[in-house]
Structures are given as structure tokens and as C-alpha cells.
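> Produce the complete structure using the sequences and hints provided.
Protein chains: 2
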Amino acid sequence: LAPAGGEGLKSFFEPEVVAIIGASNEPGKVGNTIFNNFLRANFKGEVYPVNPKYNLLFERKCYSSVKEIPKPIDLAVIAVPAPIVSQVMKDCAEKRVRAAIIVSGGFKETGSEGARLEKEVAAIAKSGSVRVIGPNCIGVYNPETNVDTMFLPEEKLQRPPKGSIALLSQSGAFMGTILDWAAYEGLGISKAVSYGNECDVDLIDLIEFLADDSHTRVIAVYVEGIERGQKFIRVLKEATTKKPVVAIKAGRSTRGKAAVLSHTGSLAGSDVLYRMAFKQTGVLRVDDFEEMLDLSKAFALQPPATGDHVLIITDGGGAGVMAVDACEHYGLTVPELNAKLQAELKQHFPPYCSTHNPIDLTGDVDNQRYRIALEKAFLGYRGVDSAIVILLVQAPSLTVEVVDIVRNINCKSMRPMVACCMGGEYSAKIAKEVERRGVPSYPTPERAARAIWALTKYGQWKLKNA
Amino acid sequence: LAPAGGEGLKSFFEPEVVAIIGASNEPGKVGNTIFNNFLRANFKGEVYPVNPKYNLLFERKCYSSVKEIPKPIDLAVIAVPAPIVSQVMKDCAEKRVRAAIIVSGGFKETGSEGARLEKEVAAIAKSGSVRVIGPNCIGVYNPETNVDTMFLPEEKLQRPPKGSIALLSQSGAFMGTILDWAAYEGLGISKAVSYGNECDVDLIDLIEFLADDSHTRVIAVYVEGIERGQKFIRVLKEATTKKPVVAIKAGRSTRGKAAVLSHTGSLAGSDVLYRMAFKQTGVLRVDDFEEMLDLSKAFALQPPATGDHVLIITDGGGAGVMAVDACEHYGLTVPELNAKLQAELKQHFPPYCSTHNPIDLTGDVDNQRYRIALEKAFLGYRGVDSAIVILLVQAPSLTVEVVDIVRNINCKSMRPMVACCMGGEYSAKIAKEVERRGVPSYPTPERAARAIWALTKYGQWKLKNA
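These protein sequence lines map, in sequence, to chains A and B.
Residues 645 to 1110 (the numbering used here) make up the first sequence, in order.
Residues 645 to 1110 (the numbering used here) make up the second sequence, in order.
If you are wondering where the hints come from, they were derived from the structure by calculation, not from laboratory data.
The model shown is predicted, which means the values in this text are computed figures rather than measured ones.
One or more of the hints may lead you astray.
Any copy will do: because identical chains look the same in the list, a pair fits if it lies in one copy or spans two.
What the hints assert, rightly or not - Keeping only pairs whose Cα atoms sit at most 30 Å apart, straight-line, the calculated DSSO-like set for lysine-lysine is:
| hint | residue 1 | residue 2 |
| --- | --- | --- |
| 1 | K800 | K990 |
| 2 | K990 | K673 |
| 3 | K1020 | K800 |
| 4 | K1076 | K806 |
| 5 | K654 | K705 |
| 6 | K1073 | K673 |
| 7 | K1106 | K923 |
See the structure below:
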């Protein structure tokens, strides 16, 4: 019997044998797109089409029922109309399929008849120990094993590369948007799950599973409503001792809550309660998509900070001032540097450079000034816990090699560092180079400071709770 | 005699005859880059090189002094070392040059000797009625006339196209960054000025001038410190009755103020006073670069809103909820739609679509559903003052033609509308198409709501003060 809770979810992510029930050769059909995903992505295991309409599909034998497949099935992907899902699930239960993703809609979200049907399907699954994700979802994407049930058109939904950010969302639309965005930004994903109506596996199970997943360094969640409140708090508290959890909880406002109700039929609940729950469990709550990816990127690439003292290095005074303002806004400290360090810096820099914090290397900066500032004031100085390195790469004497200097100091220092590359096309290119070297980059001092805030806040949480 | 204040600045932006003093044929020299800017950008007037070292430069006669040029000079660009600027300015004064941009550094920003030199230069200019921008700046960019003194390397600083956003910044580094960013985003600029040490023309003069500039629809300002406080308030109050002013005032925080001091030598002053001044004058204060461009884009493309009631249309429930949350956060109202309108919408939409506000057209949306929603609930409905149109273009049946529907309704409605296109490469492409049709687009519901907030806030200000 498959264990309850977060255990036993492995078959969803690392199946060896997969059946696509409702596979089709008609372009545009969900069962066609999903089968093609598995073929195109070069899925490492075996994949079997199931559909009584065909004998042959994708140049391979097509089965009329999952029961006929001459192998044990780890994962069944179910893409058939709602009314026949019960029969399909009976077959899965008899076959002792370990896990099933029901992507079909037409259940709880459509009203009471759909809800009855959903309960029936869930009961059948339970009787056969089949764990279920869905219905009414776009399922699972795992770039490690190439499991990919997300059936949005390929040109509209690019797949992000392998990485260490796990994404969870009830909503398929949200998942599609954020995956496409992550792909565009080059952010690496460990696992993504759109879990829909939660007839069996729910958000809590998924967080429990991902907390122990070695490919995942940060869990990012979009949530509208949560049931099982006590369990939720217990699981989250446990998860955040292992890795950071970043969450968007929509429906903060009065009208927003009404909108949630008409969207998913679930009660958004009092926002005060959610705020308390997140605070109590160390979950970092964010307000929008951009912030979610900004913080996830920071956690994926950098260690948490062990204290709140931030060093700022810049080659533009104005950007430095804005970073200081933002740090103070987030409750971080931008400490003055000690006299000895400043005297040392003064020996290396022209007199018009500022050796206070922010260190201002000014517009005629070259790579070496960044190297010296980073070595003396970050690597060799214990008065700061993290660094924001602002690179206004418009400076004429600054070259792309500065990114290797930043990377080297970051690696040696064992303390978190983020970059801020502001500007246009050239800056965006440099930002990509910085990130390729493991240092997250942001287009404004404000967003860079917010990332350091998150690394600091989580660091403090871990110190108290790990 | 040139008039004081904002009048008489025309020669900086629309000169017919320009002298580049310190022109050079050595690549990398400021006087070389600036002369090349004028050649490359196809400046419509005449441009003369001045440098006693050469007889011929850029295949034309090079003059040893501005006085020798056989024409009246509208604008002299001065790119010579600080110690000889006084002599050069004497020549300009004798020649009765109307306007001079001193890009050279080495003045007030370097200490007391530099400050003395700057005063001397300013006095000479005044004696000859030469209006001066600078020193210590990168000067003026006007894509209308192709005046372009910004001497940062071309590949690091792309030039934005013609448009209606005016940018003002003391700092050259800031100006370089924001122009490059604007170019990358395709935002059109009317005029950009990095005004440096303000030895004559200051921020107040420039705002006064731009308030009456017919090419400018919004003035965006980065400012660290302001002198002439009473005049500043009077000029701003007058300017905002004509067009919106968006400002970043850096140095909010205690440490930030110290950083301003070491950056420009000017006192940032009490932030409370600035906050009061901005409030009193209707200036919209923003926190970072991204917000500055977000709001400027909204004002450049859309009219202000006459009330705070926002319609939200979406094809993803979650994004709709987030937009509602954000609107309420900004003090906007997301009103319920009246029963008659909802009944009408219900006739056209499948039962699972929500006809409340936000209108949720759901994931199987097609272009026609957007058309109907926009026609009935925005164009034909007086209960809302502005609209946020969320386009999750991942939806399989939605095509690029939806952007023309959005544009048509926007044109006919005479009320402000912004779009929110979230996602990756495909969404970014659609966002560009939307913006090409005059509807500003943002990558998150949060930023779209903030733009509507700004349009609403300015609309309310104008109603009270125009």
C-alpha cells in the first residue's frame, strides 16, 4: 500500500513506465500534446499509449485499457472526458498503477455533479492505492527525468532548464505563465506541479515531498485557499528548517477574496490568519510573480545571510544611494566601514572615490577597482554579512571580465552576494554572464536589496529554528 | 540679453549652428565622441569643430577659437580640461554664443578650488549672456533635432526613439542607465538632460521649460538635492497643472542621506520636507528606476483617469485576483458590475466564465470574448473609469489579433487602459504589439495596477488644480 502524505510521490516525478490514457493522433488534442511532450523531451523510461480507438499510435502498439499493458505502471496520465474517468480509474486500481495525474476538467470546479464525480474517482483510486494529482490541472514538469504533462502549445509555453527552484500552483494558468517566464529569464527549475482540485495529493503533501527532494533548494508556491490548517502549519514549519519557502497568497483584499470564491469555489479565509501562519512558519510571503522569481533566484544561487549588515559597492553614486534607501526600507543595516579598512582603500583609489559604505568607485572605474573593493571590503572584512554589487556597465573602462572577479570573490567568501546590472541590451548581456557564474542579478537597486532582505530574513529564521 | 529662468533654453535643444570646442580625431576622447554623435545622428543644423591643434577635422575646417567661426553660434559644447574652460567661456561670451554645455569635470564636485573655478566660469558666462548647462554632466539628447552630447560609448548606451517622455537627472551615470534602459524597452523620449553642477541652468529652469514643451507629455526627474525651495514648489505646482511630473528623490534614509553628501556634496535635506513638497505640488514620487519608467510610459500613452473605479478583465482567475489585491492596495476601487450588464454578459459567455469584476474569461478564451467584454463592460458602461486588461496569451485559442481589439476599444473609450502580458518570449512579443498600438503593457498585475493608480492620482490632482 502506498504511504500517505508526502512519501510515495516519487512515481509522479521519476516513473520508469508511463501510460498516457486518452493518447491521440489528432493535433491540438490534450492526449496528443502530452504524448508528444514525452517523445520530444526524450523521456528516459517507457511510455505506452492507451486508447480503445486505435491499434497503433505513434508507431507503437496502442492498448485499449491500461490493464493490457504487459508491465507494471508507475504513472498513468489521464486525459479523457470527465464522465469516463471513473471507469479508467477502476482499470488503474485493478492494475495497481502507483500514481495517476488527471488533467481532465469537469469536476468540482463545475458544481455539485462534478464534485460527486470527483469524490467517486478519489474513492476508486484510494481502493487501489493509486495516488492522484488533479483533476483539473496541467500536472507535472520535471526536467531531470523529462516527465512533462503540461499540455499548453509549445510556442506559448517554453520549458525552463534544469535547476533548483520547485514551483507549485493549484492553477494551471498560473503555472503556464510562471514556467514560461522562468524559461525566458533562464531560471532553472527542479520540479513544477499544477495540482488542481487536490482530490488526493494536496499542497501539503507536495511541500512535504519537496522539502526532502535533493534537487530542490527553494519551494515557490502560488496559493488561493488552504484546507487542513493545522497540518499545513506543521508541515511548513518543518519544511522551512530544511529550505526556504516563498509564497504568493492571493485574495488579500476584500474584493480579492470574493474573486477567489468565484475562481476556485474555495474560501480565501481571513488574510490575518494567513499572515500569522506564514510568520509562524518562516514562509516568505511575496506580492507578485516578479518578486516570487526574484527571491527564488536568490535562494537557488546563494546561501542565506547570517547577519543583516550589507556592503554596497557601486560605480554610480545615485544607484548607491538608492540601494541604501532600499536596504533601510527593508530593515537591513548599511554599516559604516571601519577606519583601518577605509585607510587601506584610500591607498588604492583616486581621492574622488568614496570609501564609505556604499563604496563609490565612480564613472571612470575599471575592473581592478572592483577587485580591490571586493577583496578588501568583503572577502577580507568581517564587518558585513552580504553584498550588493552594482555594475553600471556603461562606464567606459569597465569590461565584461569584471563578472569573473565578482564570481571569484563570491565563491571564496561563502557569504551571499547579488548584483545589480541596470540599463539596456548591453547590461542585460552582462547580467546573464553574472548569473551564469552563480550570482543573481537584478535590474534595479530596489530589487537587489529585496533579494538580500530575503536571504537575511531566511538566514535569521534558520539560525533560530534549524 | 537671454531671459532668465526656463525661457531662452531653446538654443540647447534646437540650435541651428553648433560649435564643438575640444573636438578631436582621437577615438575615445570626449570631443571625438560628441562630434561623431552629431555626424552619425544626422544633425540637421551646422556643426563646427574648434581646437587650436588642428586645421582640418572630420574633413572640414577646424577653428582655433569659437570667435573665428563666421556665423552666430546657438550652442557651444565645451569638452576641454577644467583649467582652460574660463578662457573658452570668455571667447563664447565675446562671440555672444547663446548657450553652452560644459561636459568637463573638475569643478565643484572636486573641492574648493574647483568650486572657485566654477564660480569664475559662471560669472564670465553671465557677463556675455551665455546660458550654461553643466559643468560635470553629459548634457543633452534630443531625438527630434539630433542634438546629442552624451559621450558614453555607443554600444553601451543605445539611444531611445522619439517620444513624449522628458528625462532630467543631475547625474550622468543615472542618465546613461535610464536612457539605455528606455532604448531597450522601446520607450520614446522627447528630451533628456543630465545637468550636472547647475552653475547656471538648474532643475527648476528645465522643468519650467519642459512644462511648455509641446513634444513632452510627462517629465521624469531623478534628484538628490534641491536648492531654491520656494521657487521649486511654485514651478512644480505650475508644471503639474500642465503635465504629470514623476520623481525619484534619493536619500530617503539616514544612511542614504550621508551617501548623497559624499556623492554630490549637497545636503539631501529632511525627507519629510520633500514628501510634503511633492504632495503639495502633485508630483508623483517613485522609489526606483523601474517604477519611474512604468509610470512615465503610462502617462506618455494614456489620458489620466477621471475617477478611481477600475475594471479588470482576465483569462486567468489567479492573475485577476492578484490585480484586485493590488488595486485595493493602491486605494483604487474594483466595483461590482451592475446586474443588467452581468445579465448581458452571461448571454454571451459560457456559464463557467465570471461576469463579476474581475471578469474572468477563463483559459478557453478566444479573441471574441475579449471584444465582447471590452465593448459591453468598458466602452458601453459608465460604472468604471479605467481598465486593466490581463492577457495570458498562453491560452490556446487566443491569437495576436486580440491586440487590435484592445486598441480599438481604448481609442474609442477616451478612458485609460493598461494591459498585463505575463509570461516569457511569446508574451513579451505580444506586449510589444500592444504597446505599438498605444496601450502600455506590464509584466505583472501589480505593476499594471500601479500604473492605473498613477493615472488616477494625477487625474484627481488635475481636476482639483487645473
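> Hint by hint, note whether the structure agrees.
Now the hints, each set against the structure:
1. K800 with K990: between (53 Å within a copy, 29 Å between copies)
2. K990 with K673: Only across copies: K990 and K673 sit 27 Å apart there, 68 Å inside one copy, limit 30 Å.
3. K1020 with K800: between (47 Å within a copy, 29 Å between copies)
4. K1076 with K806: both (16 Å within a copy, 29 Å between copies)
5. K654 with K705: Answer is within; shortest intra-copy Cα gap is 27 Å, inter-copy 79 Å.
6. K1073 with K673: between (39 Å within a copy, 26 Å between copies)
7. K1106 with K923: within (13 Å within a copy, 42 Å between copies)
Violation of the numbered hints given earlier is absent; every hint is satisfied by the structure.
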